[in-house]
Every structure is written in C-alpha cells, then in structure tokens.
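Trainee: Sequence:
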Amino acid sequence: MTKLTEFLTPEHIQQGVFISSKKRALELVGKIVASSLNSDNSEQICPIECFANLFKREKLGSTALNNGVALPHAKLPSNDIIQLEKPIAVFLQLETPIDYDAADNKEVDLIYAILFPEQHCEQYKSSLPQIAQQLSDKNLIKHLRNATSADDIWQILHYADQHNAEQHLEEQELSETMEA
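Per numbering that gives the first Met the number 0, the sequence shown starts with residue 0, numbered consecutively.
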C-alpha cells in the first residue's frame, strides 16, 4: 500500500494557509513543487507549468474526495534538465475552506496534491486510489484539521502510515491463515 508520506516531505506541508480559491491553491502547489525542483535557483521548471497541468486535470472533473478533502493530481512532463523519477506531493491545510466543486457540496480545507512524472505514470497509477482511500478516513481527517503546525501534520500522516502498514500486515496474515 502506498504511504501518505511516500511522495511527501515535511518541507512540502503548509498549515493554516490563507487561500481564496481552488485556482490559488493549485498555484501555491505549483510554486512549492517548482521551488523544490529548482534548488539551484535556475528556472528548470516553471510554477506555471505545474499549475497548468493540475488545472487542466481539474477541468476534466473535480478531484475533491468529499468531507472537505481534495486530491488534485496531474502528470508532470520531463524536460532536458528535470527528470522527475518519482511523484512529488504537497499537503495544504487551509485556514478557511474553499469551494472545490465537490460532489457532496462541502468546501475543501485539506488538499493533498500530487504530480506524477509523465514517463513513469503507469508505474504509479495504482497509488492514487490507495491515497484517496486513506484520505477518506474520518478520524485522520479530524486529526489533520486539528493540527497546529506543519510538523504536527507530518507526524499525523507518518502515524497513519504506520497504522495502515500494521493493519495491512494483519489482514495478510489472516488471509494466509485462512488459506492454510
């Protein structure tokens, strides 16, 4: 099972963010991703390119998961300089919920955005439903909303990963026992 922290780093978590719209949230994700990929201050990847890919995907249909959580995602093409080898994620906890065109009509205040390297997209395709399932856990959502720092959010996600791994192992052992 894909871990919530597998493609995320503590530096890509922002808590208490003031954002006015879905568009502004996706722009912020683009800036965070681009700044981490452009570590030597050269313009290897443009924040607008990250945003444009996320926005293009959003036009196909809302990536809101319900209960105030969204999972925007898109492919990020490689260029001559940047060869993204694995997905890169950003987590935003918004100060005030925003309209996200969610099926349940609830505004979104938790955003887990992920950009997949275009050349490895098939390899990571199964990650999305696994991440979506984990982000649909109401107990996890409650803890993420109550977090008061980016470090708190990281610890909550890390704990959820450990709990899910233990649960998955128990289910696997039970399945093997029943087959024997």
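Where hints are given, some of them may not hold.
[Stated by the list, open to error] As a list, the in silico DSSO-like pairs of lysine-lysine whose alpha-carbon atoms are at most 30 Å apart: (1) K141 / K22; (2) K2 / K55; (3) K2 / K124; (4) K22 / K2; (5) K85 / K22; (6) K105 / K55; (7) K58 / K85; (8) K55 / K22; (9) K74 / K2; (10) K137 / K55; (11) K137 / K2; (12) K85 / K137; (13) K55 / K124; (14) K74 / K105.
[Unchecked claim] Simulated restraints, written as ranges between beta carbons of each label pair: (15) E121 / N145: 21 to 31 Å; (16) D98 / H119: 28 to 38 Å; (17) R144 / Q118: 34 to 44 Å; (18) Q118 / N145: 35 to 45 Å; (19) H119 / T95: 32 to 42 Å; (20) P76 / H162: 14 to 24 Å; (21) K141 / V16: 33 to 43 Å; (22) K141 / Q118: 12 to 22 Å; (23) K55 / Q161: 32 to 42 Å.
Everything labelled a hint here was simulated from the structure, so no lab data went into it.
The model shown is predicted, which means the values in this text are computed figures rather than measured ones.
Ideal Cβ placement from N, Cα and C applies to all residues, glycine included.
Trainee: Check each numbered hint from earlier against the structure, then list the numbers of those it violates in ascending order.
Mentor: 15, 20, 21 and 22
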